[in-house]
Amino acid sequence: MQKNLLEKILNSNKIHFTFSEKNFIKESFDILSIFLPDIGKFFYEKFVKATKNSKSKFEAKNKFIDEVLMLRYPVSYTKIKKLKKYKIGLTLEFDENKLNLAEKDVKFIKNVVNKI
Amino acid sequence: MNRKTCFITKYQYGDFIVDLDEYVLSLATNCMFGCEYCYLKFSKITLEPVIYENLDKFEQEVTSLFSNSTQKVFYFNFGETTDSFLTAKHFNIITDAANIISQQAKKYDKSCFVELRTKTNNIFYFNKKICFENVKLIYATSLSPQVVIDRFEHGTVPIKNRIETLIFAEKLGFLTGLRLEPIIIYPIYGIEYKDVVFSVKNLIDNYQQILKTVLEKIDFKNIHSITISCLRLTKKQFKELKQKKSKLCFFEMFLCPDGKYRYSRPIRTTIYNGIIDFIRWTYPVLYKKILLSFEFDYIWRNCGLEIKSMVEVSSMVG
Ligand code: SF4
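Here the protein sequences line up with chains A and B, keeping their order.
According to my numbering, the first sequence is numbered sequentially starting from 1.
According to my numbering, the second sequence is numbered sequentially starting from 1.
FYI, nobody ran anything at the bench for these hints, they're computed from the structure.
From a predicted model like this one, the values you see are computed outputs, not experimental measurements.
Don't take each hint at face value.
Just some of the chain A residues that point at chain B, by a computed CB distance under 10 Å [unchecked claim]:
(1) L32
(2) M70
(3) L90
(4) E93
(5) K98
(6) K115
We treat Cβ as the ideally placed atom computed from N, Cα and C, and that holds for glycine.
Just need the whole structure built from these sequences, with the hints factored in.
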């Protein structure tokens, strides 16, 4: 039942995913289902919301992936949004002192990435 | 059984991980306990414990290590390939190996520390006073919240007993090692940001409570070190555990530069800081004995810790 909802999303003609995006969505679905058995319902709600307010399949995809990233990495993805201008990788595994940034930027980054 | 490969190997921490300067002693291998995260389960065909008997080879390796090194202090870990106190045979090998190390350490003027790590209460049966020249034995036990032990460490003894063994070990003359590892986020109260925050806060509270209980009962001067480390999983472990729908596969884990999955950085540093700050402000003398295991140098720095090795901590102990 839950898997069917996932298939419905992945095969929908209202949204376009690349192969690797599909894999990421499937993997996230599998991991999250360990902690929330009715994750399919959750994903489907996000899908409906993303497709309803979008002008194209690509816009819908971006919105939906954004929601999946937020579900999968609730803490890090919030941090990444705060650090948008620095173009930092999602894993946040870096030594901020080696980023070649001004001291005040390094301080700001440290404050963001070292606490939830 | 005779061991064909080396008994003593320098610990390989992995790319970019702070080197704690430990040697692994493979005097025995395997373990029949059921820790869901144990790497032995993923690399060994049989779980039946094996003890190696050809200690003449071990002695040669100790001699060669000491005679070829100018290093004065050595840190050996006998808890990597098995549980150090698993069976009575393990007791014997500990004593025999410590004797060999002691003789060679005297000869080459070395000072040695041997970590014996366990999740058993078998030390109550061991029950003999420990005293070796130039060798100090460290009785180290993993301190985990009872919910984590019940869920992920099948067959091991409860936290209450682990704490009792530390007190007993001290009486027998061991130094003690508090091992807050692997730290596992459990229970997980939901998948949203606020749920993760709550789960992490609950975890930190649990560890603070454990530390409070332990530190009221043991002598600080006998504590060799306190190590802290969050759960790490290899790619293979992560894949297999995910297929089994194990709750160890937390959703916010990333593949780190050393090829291991870990909780995300904000989560790890929050956990570490929650525990380290508690020790720093409540038991300041213990602060310098804290180490992070298997972590990157930037994580140490962001937890306010000076990078140090087990050898350096051992030198502080004496
Ligand atoms: S007690 Fe140690 S060696 Fe034994 S299964 Fe658990 S982690 Fe592995």
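Outcome of the hint check:
| no. | hint | in the structure |
| --- | --- | --- |
| 1 | L32 | holds, 5 Å |
| 2 | M70 | holds, 8 Å |
| 3 | L90 | holds, 8 Å |
| 4 | E93 | holds, 5 Å |
| 5 | K98 | holds, 9 Å |
| 6 | K115 | holds, 5 Å |
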